[in-house]
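Work out the full structure: start from the sequences and follow the hints.
Protein sequence lines, in the order shown, are assigned to chains E and G.
Under the working numbering, the residue at position 588 of the first sequence is numbered 588, and the numbers go up by one with no gaps.
Under the working numbering, the residue at position 92 of the second sequence is numbered 92, and the numbers go up by one with no gaps.
Worth flagging that the hints you see were computed from the coordinates, not collected in a lab.
Where hints are given, some of them may not hold.
[What the hints assert, rightly or not] DSSO-like mimics (lysine-lysine), calculated; alpha carbons at most 30 Å apart, straight line:
| no. | chain 1 | residue 1 | chain 2 | residue 2 |
| --- | --- | --- | --- | --- |
| 1 | G | K285 | E | K389 |
| 2 | E | K389 | G | K275 |
| 3 | E | K102 | E | K172 |
[Stated by the list, open to error] Chain G residues, not near chain E, derived (Cβ > 10 Å throughout):
| no. | residue |
| --- | --- |
| 4 | F19 |
| 5 | K169 |
| 6 | E207 |
| 7 | V226 |
| 8 | L291 |
Ideal Cβ positions, reconstructed from N, Cα and C, are used throughout, including at glycine.
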Amino acid sequence: MRLINIISRLFRIAGTSLPGSRVLPLALLALLAGAGCVFGAEPAAAPEYRTFFGLDPRTAVWIVAELHLLFGAFVLGVPMFAVIIEIVGVITKEERYDRLAKDFTRLLSASFATTAALGGLLTFMLFSLYPKLMGFLMGAFGKGFYIYALFFFAETFTLYFYYYSWERTKNKKGIHITAGVMLNVVGIIILLIANSWATYMMSPTGINPETMKFEGTTWEAIYNPLWNPVNLHRVLGNLVFGGLVAGTYAAIKFLVSDNDEDRAHYDWMGYVGNFIAMSSLILLPFAGYYLGREVYSYSPVMGNNMMGGAFSWTFIIQAIGIGGLLILGNFYLWLGMDRIPGAERYQTYIKFVLFILVISFMIWLTPHNLPLSSEEQVRMGGQYHPTLKYFGLMPAKNAVINFMILSTFFSFLLYRRANVADAVSVRAQGNMARGIVLVPTLMIGGFILYYGLWLLTVDPAVLDLDASKAGYFLLPGLALLGQVGFIALAVVLTFKEKGRLGQGLLFGYTAINTVFILGIYGFVVMAEASPLLRNLAVAQWISLLSCIIVNSAIDIVIFRGAKSLGKLKWGRMPAISQYVLILLSIWAVLTMGIMGFIRSGLRENWHIYGVLEDTSEWAFTPTNAYAAKVIGLCALIFFVLVFIAFWLAEMGEKKKPAKPAKPAASGGG
Amino acid sequence: MTYTSLSQEAKSGLSVVVFVLAVLGAFVYVGKVVTDVSGGGMATASTEGVSPEAGEAIYFGKGKCSTCHSVGEHGSAIRGPNHGVYGKFTEPMGQRAEERARERAAKTGQPHSATDYLVESLVDPGAYVVSGYKNEMPLVYLPPISLSSDEFKAVIMFLQSLGGEVDEKAINLPDKVLAAASQEAAAPWTPYLEGDAETGMELFYDEESNAGCSRCHTVEGKGGDVGPDLTTVAATRTPQYIVESILIPSAVIASGFEPYLVETSDGQYLTGVLKEQNDAGIVLKDANAKLLKIPAADIKDVAPQETSIMPGGFAEDLNVQQLHDVLAYVLTLTGEPPPAEAGEEGGDEAAAEPVAEEGAE
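Here it is, written out as structure tokens:
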């Protein structure tokens, strides 16, 4: 108790009087005490499992861990969001960005305390319900647990410093932004440490195959094969999540606002949240593919279980989640175009984008194995539909997700340029403008060139293919060289003041290349040189990425300071748009839950995959129905807790929404 | 207080709450629908015995072979070569193994049988990689799959049965497989929970309960006769097999209880267990024990089915305790009377004749 008081006093010295100042020390002590218990325990005497008040310990841990993860994603995602907005405010010299960043940071305080409390509860539960597992993890990670706890202190201090120094450093933005960046660095380190435990359970290293004991170093355990893929996925995911929860907050405030001024403010706030979320969401499928590929590389058994085994239908639910996020994100952008003078010029494109999205979404969802009754099989002529069976295969999925991302990016560009008249001269902007286009172009173009040449020259034996399969490498190699050619053409046209034509050509080639040429070719590769399929997918991804990067750079330059077609009518949004924002964050929470269920469930009856078996009565994979109930319950609890946290955060505040100093004048927000 | 008397702010807040609940409810419903259409049989179970049939169950179950390979039209995996006749594979695996063994023998001058090739393909998958496929097959006798030596043999026998000669004696397992298997075999199977046989019996015979097994199964003459008689099932089947049969009824379908689909000339589809087939027509018994007599003239097509007529979804309908209660009762069905009863009735005379049903209860 004395130790708690000492730590609490330290917090008070740091200037905090928020709920977290007492909860966090308790949570940290839970972690340290739990670790101490295991270090000091006699493994032989300890039971392997305990129940949670007589209830199923697995579901109890599942719920608490998921809530902790959701809150963790929020308190790590929102600071990223806040610092980005603060930097935008400094660059644009618009104070409303600064106030928005501070508003969201204020919301963090109560959420941070809840995260810490859930973390403490989770620690207690893990050490008491799964002592054998935690003993094994302590053996592998050793004193890393204590370092984790110390970083929590660092996170607390940097968060409170960032928030409470806001006004004092008003004229020293460099210091304040540095503090914000430090807050994010510490937060990401915490995330990386926790990820190392979760991923170690999936892809353990340093194990003696004879004794099944851990004999490696702590670093080996941390740097396990799935660590970086999960890190990348979660960092991007957190940014998406932070933006979406911020958007939801704004949407609810918009709906309950009773005057136009407030609605204008919260409409803008929702737009900014959604903008940040969508910018990251576009990149998330790349990270997801990387993670899936590494899961497969580590263990084909686990990989197959994910795509074609016990979780293949869970993947369909996840696909609904990912596709839904993209479609809803587009829908919100289209609704938002109604408040932009000049956007009517682009309305006609929306129906085409919608058509592409719907068709792609349907293919994205098509399972390879259709659940058919005997009668239906007889009517169809077999287990597989003669045409639909192709839509269930990986090449089709790769093609349509590329098309959906490309369409979303197209929608975003329409939105971005909706309010501006004509492109401006690149030449008149000088070398700076050229640099903005050339630097990212050279980086991504150089990588594509390297990968294309590698495909054209590599020995097929590298992929376990014999020399007769070398011909299959030709088309993707040449397609990538073509992509480089079109990138170069787009840049040259931009410098010749024909940037929009360059963008269009690059868009067109990328769509044809990634969706149709390489997409359809994937079926050939799958049948004749299946190991090459993964490289083909990489070729598709990098082509798409290059289109996004190069076209964004061109867009920034050719519309920099372009003439506006009128003031944006912030607040003039239908109520349905706000429900779309709310739905986006619910959808994200549920998709995160499903992804977590798959990632953890892939271990099946193993705590540590292939090393430490789950011998409890709960060593079976729950059905999708059960998982949906648990995930739905977690989402409900999360939203209730977030509501309470926001309400608490606002209790001490007078009603003073940060009004936009001036309604925005540009389409880009 | 009525809805109309609420402030605009409260109404909007209430709408948001209803909206969130509706979305979460829809999500839970989607999860249920997906489970209903795809089958809830995600629980792990294993099959014992050394036979091609057991091998097939392992191939499509614990062994996870079917997550990479298909057998002709059975299965949809394409990452590994198809083991049946499909596409560029014009011979089934058993025949292919014979050809490859001949090639190997001619090349090395050493005797090499088809079975040797099959064993090698599981013990050392990289020794021969089919052109166009990656050398990435895991070792199935090691964790996480951990096939026992009997399971390993059963899978080989299943592969032999695909166009080749089934011969258990030809299977020589290398020492490393036997060593790994002996480690895995250390712990005997025990149920996860202690079930109550009496409660299980009540669930078994209560036709209104979620179990209601007696609707279709008979024990000592009591119950329906759509599925196999279970009077001696515990004497002839392992507990793992029984668990699998409850949770995944189609994993192994009892001999004599294979379902058939009949398409009639007027476009009807009838499913049931084939009871009789002759020149006059077909007699099916459907899931409600109703006999369906279909004259030969009305039959357009007849096809065996891979899905048992036993309903699935017990993993959802029964909770874990109920499942173990039913299991505890079924495990008492050895055909032997309980000890006290046996004393009264004069011991072993009361033992029923073993029933040679094949499971899939």
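Against the structure, the hints come out as follows:
The suggested pairing of K285 of chain G with K389 of chain E is violated, with an alpha-carbon distance near 33 Å, which exceeds 30 Å. As the CA atoms of K389 of chain E and K275 of chain G are separated by approximately 35 Å, the hinted pair breaks the 30 Å bound. With a C-alpha separation of about 15 Å, the suggested pairing of K102 of chain E with K172 of chain E holds against the 30 Å cut-off. Under the 10 Å C-beta cut-off, the non-interface status given to F19 of chain G relative to chain E is violated; the minimum distance is some 6 Å.
Taking the minimum C-beta to C-beta distance to chain E, about 30 Å, the non-interface status of K169 of chain G holds against the 10 Å cut. The beta carbon of E207 of chain G sits about 24 Å from the closest Cβ of chain E, which is more than 10 Å, so the claim that it is off the interface holds. Interface exclusion of V226 of chain G from chain E stands, the closest Cβ pair being 17 Å apart, more than 10 Å. For L291 of chain G, the non-interface assignment is confirmed: its Cβ lies about 19 Å from the closest Cβ of chain E, beyond the 10 Å cut-off.
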